[in-house]
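**Student:** Using the sequences plus the hints, can you model the full thing?
Residue numbers (numbering that gives the first Met the number 0), protein chains in the order written: chain P, 0 to 392; chain U, 0 to 254.
Source of the hints: derived by calculation from the structure; they are not laboratory data.
All of these numbers come straight from a predicted model, not from anything done at the bench.
Accuracy of the hints is not assured; some may be wrong.
Derived PhoX-like pairs (lysine-lysine); straight-line CA-CA distance at most 25 Å [said to hold, decoys possible]:
1. U:Lys10 / U:Lys137
2. P:Lys100 / P:Lys220
3. U:Lys70 / P:Lys268
4. P:Lys7 / U:Lys137
5. P:Lys165 / U:Lys70
6. U:Lys63 / U:Lys77
7. U:Lys191 / U:Lys63
8. P:Lys69 / P:Lys343
9. U:Lys4 / U:Lys137
10. U:Lys236 / P:Lys165
11. P:Lys367 / P:Lys69
12. U:Lys63 / P:Lys141
13. U:Lys14 / U:Lys191
14. P:Lys69 / P:Lys220
15. U:Lys63 / P:Lys165
16. U:Lys191 / U:Lys13
17. U:Lys236 / U:Lys14
18. P:Lys268 / P:Lys165
Spelled out from the first residue to the last, the chains are:
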Amino acid sequence: MSYQVNEKGYYGDFGGAFIPEMLYPNVEELRSQYLEIMQEEDFQKEFRQLLKDYVGRPTPLYFAERFSQKYGTKIYLKREDLCHTGAHKVNNTVGQILMAKRLGKNRIIAETGAGQHGVATATVCALMGIECIVYMGEVDIKRQAPNVARMKMLGATVVPAISGSKTLKDATNEAIRDWINNPLDTHYIIGSVVGPHPYPDMVARFQSVISEEVKIQLKEKEGREAPDHVVACVGGGSNAAGIYYHYLDNEKVNIIAVEAAGEGILTGKSAATSALGREGIIHGSKTLLMQTDDGQITEPYSISAGLDYPGVGPMHANLFRTGRGEFISITDEDAMAAGLQLCKLEGIIPAIETAHALAIFDKRKFEKDEVVVVNLSGRGDKDLNTYIEHFNL
Amino acid sequence: MNRIKQKLQEKPSKKLLSIYFTAGYPEPDDTTTILQELQKSGVDMVEIGLPFSDPLADGPVIQKSSEAALKNGMTTNKLFSQLESIRESIDIPLLIMGYFNPILQYGVEKFCRKCSEIGIDGLIIPDLPLEEYELQYKEIFKQYDLLPVFLVTPQTSEERIREIDRASEGFIYMVSTAAVTGGTGGFGEAQKEYFDRVSKMGLQNPLIVGFGIKDSTSFEQATAVTNGAIIGSAFIKQLTDSGTSGISDFINSIR
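**Tutor:** Here is the structure:
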């Protein structure tokens, strides 16, 4: 059994392309060409070169000794926080901007929640000299002023999404509407493994460089390519898809997905999609999503803006339904404590999204000789205000 | 016989006019009144909009009406109960237009059965594309005599238009412009060329144009070589401004 996408664009029951006809030509253009373009030698050369010289790859696989000691197991951190712009997001935007160029597009649109994907998109657009428009919920623009400033400095136009709940899902709706209005010259750089096929697969492939490197690095350090567990936080799920990718079909590797419980799964303020979601359609994909009995999409909550999405990528929905993935949810409180703990134990300030993945060691036992690789997906600079407020620093 | 098919087989003296409105707007219980007023004003067909939280093919007017309708407490069950005995007073063709997720949650088969009991003639589900429809839902639509209506746009290839024509039995919904609903730019040469091009393809289904039709001028332009047109956002604006009492004046101003 494979956990990769099939030729119809599905991961088990999930995925597909539930898009209005207005988007069909754009999505079909991409679907019919993405694999071929990605496999071109030229493309690979340019992509690899940029990942190395511009993003700063390979990122280290770091053995966290004091952290490991505390929990009596072997914990490695994949340092995506050291990527240019501070998180794994840029792996995907570098890939997609090259894709956009090959497709002859000269205008880029993107959605962003906390602003990380917006910054990563604005960055590669500046690099290539391509026009960039980022949709961001009006509420998020107020909450994330530094990232809004970054995008502007990088030359992007930030457009407030004023529809619906004025957050990430609405920013995504606005980006999709922009694409409907500009079907010829525009490429939509989606920031996660969500959206209609082929986006989940394309983004996962661009992010798969993470586990490609882990295999080589772990071999050097442990004499084997595969760890016992791979751990990542999941909002839409792109950093998770990247670190799971080359282990998906190796069932000896346990896959752990960490969702944001917010204030607690049953409090009504949560983003734990696997626990609270049902099968449905969001942003062109059949997946698990949080919704009312009547099928209206509800607003999730998490202290971390990057995990604050009512759905989850179809790859992850399938990992959940088939039992291939172990899903754990972590509250705001526990994530914040785990973030601060990593600062003290390892001298690394993690993004709050990532802190959710670090919090599982208090919830779940690992054996002494087990190797656990955690994707340290982003750094915490962007979250300083939240840390300051939470701990009265 | 399905009322849409019947209507389209008549040889009308005027071009067809279809109206879209969002159920539950402006007032939660306006559905029946709006339908009665529309029928009285001579409208040929109506699309009843099932509101959705994330209407990604719609512009600001329909987004706002959907949001307001949901705030007014509109639900799938509520709409069905409002429509329970609608066929006692309404005999023009009725379609439900809605995004797929609420229908999926209700249960596609149950939804279709309910539609058929009420006397709904067709469904327009913008985010259920042809491929997914044929893969899973075609048989259910057939069983309940519901006509699926698919969209084509200025960017749709000739090959795909023919494919959509083969899969359709009622009419083809021609999206006038590459834009979300409620565009106000008017129609130029590009639209005229597109309307001409598709109308000369010799398709088996009639063509009805939607998106961006707001008054008699745009209605005439849209229907010059097609069979009819659909008005949505402009009608909703009218409801926002003067409620249900201005409906017949609005319709009379169109054709």
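**Student:** All hints are to be evaluated individually against the structure, with a verdict given for each.
**Tutor:** Status of the hints after comparison with the structure:
1. U:Lys10 / U:Lys137: violated (29 Å)
2. P:Lys100 / P:Lys220: Given that 25 Å is the threshold and the Cα spacing comes to 38 Å, the pair is violated.
3. U:Lys70 / P:Lys268: holds (20 Å)
4. P:Lys7 / U:Lys137: Holds, at about 18 Å.
5. P:Lys165 / U:Lys70: Given that 25 Å is the threshold and the Cα spacing comes to 16 Å, the pair holds.
6. U:Lys63 / U:Lys77: Holds - the C-alpha atoms of lysine 77 of chain U and lysine 63 of chain U are around 19 Å apart, at most 25 Å.
7. U:Lys191 / U:Lys63: Given that 25 Å is the threshold and the Cα spacing comes to 30 Å, the pair is violated.
8. P:Lys69 / P:Lys343: holds (12 Å)
9. U:Lys4 / U:Lys137: OK: lysine 4 of chain U and lysine 137 of chain U at ~18 Å, within 25 Å.
10. U:Lys236 / P:Lys165: holds (23 Å)
11. P:Lys367 / P:Lys69: Holds, at roughly 11 Å.
12. U:Lys63 / P:Lys141: holds (22 Å)
13. U:Lys14 / U:Lys191: The hint holds at about 17 Å.
14. P:Lys69 / P:Lys220: holds (20 Å)
15. U:Lys63 / P:Lys165: holds (13 Å)
16. U:Lys191 / U:Lys13: Judged against 25 Å, a Cα distance of about 20 Å means the pair holds.
17. U:Lys236 / U:Lys14: holds (23 Å)
18. P:Lys268 / P:Lys165: Holds. Lysine 268 of chain P to lysine 165 of chain P sits at ~17 Å (cutoff 25 Å).
Violation of the numbered hints given earlier is confined to hints 1, 2 and 7; the remaining hints are satisfied by the structure.
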